[in-house]
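Chain order of the listed sequences is A and B.
Each residue of the first sequence is one higher than the last, beginning at 0 in numbering that gives the first Met the number 0.
Each residue of the second sequence is one higher than the last, beginning at 0 in numbering that gives the first Met the number 0.
What the hints contain is simulated information worked out from the structure, not anything from laboratory work.
Keep in mind that this is a model prediction, so the values were computed, not measured.
Any given hint could be a false lead.
Copies of the same chain look alike in the list, so a pair counts if it works inside one copy or between any two.
To be verified - List time: in silico DSS-like cross-link candidates among lysine-lysine, alpha-carbon distance up to 30 Å:
(1) Lys-225 - Lys-355
(2) Lys-50 - Lys-293
(3) Lys-125 - Lys-50
(4) Lys-214 - Lys-230
(5) Lys-125 - Lys-11
(6) Lys-125 - Lys-355
(7) Lys-375 - Lys-47
(8) Lys-96 - Lys-11
(9) Lys-225 - Lys-32
(10) Lys-125 - Lys-32
(11) Lys-50 - Lys-355
(12) Lys-375 - Lys-32
(13) Lys-32 - Lys-50
(14) Lys-32 - Lys-293
(15) Lys-96 - Lys-32
(16) Lys-125 - Lys-336
(17) Lys-50 - Lys-375
(18) Lys-125 - Lys-96
(19) Lys-230 - Lys-47
Protein chains: 2
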Amino acid sequence: MRLTRYFLPVLKENPAEAQIVSHRLMLRAGMIKQQAAGIYSWLPLGYKVLKRLEQIVHEEQIRAGHIPLLMPTLQPADLWRESGRYDDYGQEMLRIKDRHDRDMLYGPTNEEMITDIFRSHVESYKSLPLTLYHIQWKFRDEVRPRFGVMRGREFLMKDGYNFDLTREDALHAYNRHMVSYLRTYERMGLTAIPMRAASGPIGGDNTHEFLVLAKTGESEVFYDAKVPELKLGERAVDYDNRAEVAAICEEFTTLYARTDETHDEAAFAAQVPEERRMVGRGIEVGQIFYFGTKYSEAMGATVVTPDGSRVPVEMGSHGIGVSRLLGALIEANHDEKGIIWPEGVTPFHVGLVNLKQGDAATDAACAELYAALVAKGLDPLYDDREERAGAKFATMDLIGLPWRITVGPRGLASGMVELTCRRSGESEEMSPAAAVERVAAIYAGL
Amino acid sequence: MRLTRYFLPVLKENPAEAQIVSHRLMLRAGMIKQQAAGIYSWLPLGYKVLKRLEQIVHEEQIRAGHIPLLMPTLQPADLWRESGRYDDYGQEMLRIKDRHDRDMLYGPTNEEMITDIFRSHVESYKSLPLTLYHIQWKFRDEVRPRFGVMRGREFLMKDGYNFDLTREDALHAYNRHMVSYLRTYERMGLTAIPMRAASGPIGGDNTHEFLVLAKTGESEVFYDAKVPELKLGERAVDYDNRAEVAAICEEFTTLYARTDETHDEAAFAAQVPEERRMVGRGIEVGQIFYFGTKYSEAMGATVVTPDGSRVPVEMGSHGIGVSRLLGALIEANHDEKGIIWPEGVTPFHVGLVNLKQGDAATDAACAELYAALVAKGLDPLYDDREERAGAKFATMDLIGLPWRITVGPRGLASGMVELTCRRSGESEEMSPAAAVERVAAIYAGL
C-alpha cells in the first residue's frame, strides 16, 4: 500500500480523553475513532490488525476441531427468560423493543442461543462431541466505558461452546480450549497466563482466565516468576489425545498464578519461594468455563445415550476478547515513540521510507523494492508522501511496523539501503535484495 | 472435513414457513436457523458460503483501490439528526435507548457515520480521491420480514463511500464501483444486470441497481435479450483509467434494462426489436448512488481546494447485499434435488462419498483420496457416515457441492472411482489420481 493512497489519519497531539497508553496510541496512530461512549469505528489500520487477530483465532479453533458458525447480534428476550438470565443480567444488557413491541436484546454472550441451536438439531450422543464457536460483535452497556477498546460497549468476542455426553468428555473440551488459547496468544506474540478464576454470571466451577501482564491491567495478579517463562512453542499437539492435552494444561496451571479474586496468601507463601513471588497487574484477554448442565437442564437440551435414556448435555463456554486484545497487545508492546507490533499481528510487514520523494533514482529504487517485497508475498506500507525524513520516521515509529527499510540517495550511491528493527532500534546497511531476503526470512519463520 | 465431525443438520421435510425455494433449501441444507422474525443464525455450511462471498467482495473492492474499515453496528442518533434522516427514516429504523437514556439506533446504512469520519480527519483535496467501505451487519425493522435471508431484518451488507473533489471525479468513482461490482457478481457465478433505478431514501440522481434474473424476484424487469449475454470475462481493468472504466460502463448500460420503477414502454419499443424484448423478474443484489454534496453539505464535510477555497466534498454510496446474495444464488442455481453451487462460491470444493463405510479397502481408498485432495489445496467434504448410498447422494445433492467423487468396492476392484457433476448429473469413471487432477484443474481455473 502506498501511504498517499491510504487513509491513515495520525494525530500529532495526545488526545486528552485517553487515560491509558493503548487508547492514546490507537487514537494517535489513526486506528480507531470514537463514535459514542465505548463504541468505535475501526479505521483502516485498526481494522487490519483486528482482522489479523480474528484470522489467528479462527485458525487455532479450526485446528482444535471446533466448528465456526455465526449467530446474530440481536436475540429474542424469550430465550433468556428460559435460562432465567433475562432478569439476572441487569442494566449491562441492552434491551430493545422492535416495531411490534417484542422484547429483544443485543447479545452480551450466547449460551442461550447456542443451546437453542443444539436442542433444535441434535438428538443423539452419536453427534457428540461437538464444539461450535463464532466471532461476533457483542454489546455490554457498561456504566462507565473507558480505556478505549479495552472496556468498550460494542466489542468483538470469540465465544465457543462445547457439547459432550459426559463430564469427562466436557473436561477434555475444556482442556482442548486451554491449549488452543495458549497457542493463539503465543502466535500473537503475547504471554497470556491461565489463572484460576471465580465464575461470575456464566456459572460453573472450573474456570480459568487468561491474563496478559501489563502495568495498566485491571486485575491484581500473584504468580510464580517461572510461569511467564512457560512456552508452548512449536510442539505439535494432537487435540484428540486426552492425556497429551491434559498434560499440557497441567504444565501451565500447576505453578501458582491467581488473580486477586482467588488469591490465597498462605498457599502463595507455601508453594512459591520468596524470590519468585511476583505481584503485578494483568489484563484479561480470555476465559474458559466448564459449567456442566446449567443451561442444558434449564432449556431442555438433552441427548439419547447409548443405553437409550435421555440426559442433559454437558457444556462449557470459552471466550477470547478479540477487540480488547488490540489494547492488550499495545499495553504490552510499545515505547515512548509508539506501538511495536509483534510480527505475528502487524498490520503491514514492513515500512518503506523514501528519503527523497520526487528524486527519479530514489523513487525508482523504492518502486523496485516495493515490487520485490510484494513478489515475496509480503505486504509493505510505502511512505511516498512529500514529507521530511523526520516526519516519515515518526509516523513509522508511531504505527509500529516491526521492520523499516529506508531508501535515500546517499545510500543508493553505494548500492545500499537501511534495514531498521523497530523494537531494538538497530539499523543495518545492506543491498536492497538482501533487505528483501532478510524481511522475507523473518516472516517465513512465523 | 469429515461429515461425522461436522455440524450439518439437514432436514428431511420441507419446512412449512418457507415460501420460496432459496429459503426452503437453506433451511433443509442446514445453512440457517431462524432465531426471531427476520433474524438468523448462520449454521456452519451457511456461514462458510457467507464468508466466501465476503472474501470475494473484499478482494474486488481492494483491487479497485477502495480501503476497508469497520464501523460499529450501533450509532448515536445525533448524527442522523444532523442529516435530517432521523425523523425521515420511519419505523424501519430500530431505535434504542441505552442505560443513560441516550438515543441510539442500529445502523441501517452508514452515510452519516462515514461523513463524520471524513470530516474529522480530512482537510485537503490532497487526500482525495478516497473510497472507504466496510462489510458489517445492518438492521432494518421490516414490518413483514420474509423469504429467509432475502428480506431479513439483520443482514450483512457491504457499503462503500467515495469522497472526491469534483463531480467528474465522483462519477469516475461511480463507474469504478459499477465495474468492480460486475466482476464481483461474475466471480460468484451470477449474471447481475445493472439497471437504472429510482433513488429512494439515499438521494441522488445517478443510481443503478444490480438485478439477478429469477422467477421469484421482487421487481419486474424489462430488458433487451442481449443484456444477460454481456460478460466482463477475464479482461484486465486499470481502475485508474477513466476512459477504460467509463467504456465498460457504457457497454453494460447502453442496451435497454430497467426495473418497473423506471421502465418506459415507448423507449423499450423504440430501442429493442420485438423478439428481444424480455419481461421477467429480478432480485436486487446491489445498488450504486452518486448523490454529490447531500450529506457533506448537511454535515459540514468540506475540503480545501487547490485555490484555497473550501467546498463540500462530492460523494456517492455503493452497496452489495452480501447475506441476501446467498438467497439470490440459490434462486438462480437449484433443481428439484437441491442447491447447485457455482464453483466460485461453493462451501466445499468436492464431496467424497464412501459407498461402504467400514470396509477396510474402501475406507483406505477414501482416506487416500481425501489426503490427495487436501494436498492440492482443495477443501473436500467426506461423507463418512454409516448410511445407505441413497441417503449420502441425497445429502450431497441437497447441499449442492458442484463435484462428487464416489468410492465403492466394485469400482475399486478395477481401480476406478466415479466423478459426478452436480449441474449436469453426468458421471465418469476414472482412477482416483485422475479424479483428483480433474477437480484440481477445475478450481485452478477460477
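Comparing the hints with the structure gives:
| no. | hint | verdict |
| --- | --- | --- |
| 1 | Lys-225 - Lys-355 | neither (49 Å within a copy, 53 Å between copies) |
| 2 | Lys-50 - Lys-293 | neither (33 Å within a copy, 32 Å between copies) |
| 3 | Lys-125 - Lys-50 | between (35 Å within a copy, 29 Å between copies) |
| 4 | Lys-214 - Lys-230 | within (22 Å within a copy, 59 Å between copies) |
| 5 | Lys-125 - Lys-11 | between (60 Å within a copy, 19 Å between copies) |
| 6 | Lys-125 - Lys-355 | between (67 Å within a copy, 19 Å between copies) |
| 7 | Lys-375 - Lys-47 | both (20 Å within a copy, 29 Å between copies) |
| 8 | Lys-96 - Lys-11 | neither (43 Å within a copy, 35 Å between copies) |
| 9 | Lys-225 - Lys-32 | neither (39 Å within a copy, 47 Å between copies) |
| 10 | Lys-125 - Lys-32 | between (48 Å within a copy, 21 Å between copies) |
| 11 | Lys-50 - Lys-355 | neither (33 Å within a copy, 42 Å between copies) |
| 12 | Lys-375 - Lys-32 | neither (33 Å within a copy, 43 Å between copies) |
| 13 | Lys-32 - Lys-50 | both (17 Å within a copy, 26 Å between copies) |
| 14 | Lys-32 - Lys-293 | between (39 Å within a copy, 23 Å between copies) |
| 15 | Lys-96 - Lys-32 | both (28 Å within a copy, 22 Å between copies) |
| 16 | Lys-125 - Lys-336 | between (56 Å within a copy, 27 Å between copies) |
| 17 | Lys-50 - Lys-375 | both (21 Å within a copy, 26 Å between copies) |
| 18 | Lys-125 - Lys-96 | neither (40 Å within a copy, 45 Å between copies) |
| 19 | Lys-230 - Lys-47 | within (27 Å within a copy, 33 Å between copies) |
Hint violations for this structure: numbers 1, 2, 8, 9, 11, 12, 18, all remaining hints satisfied.
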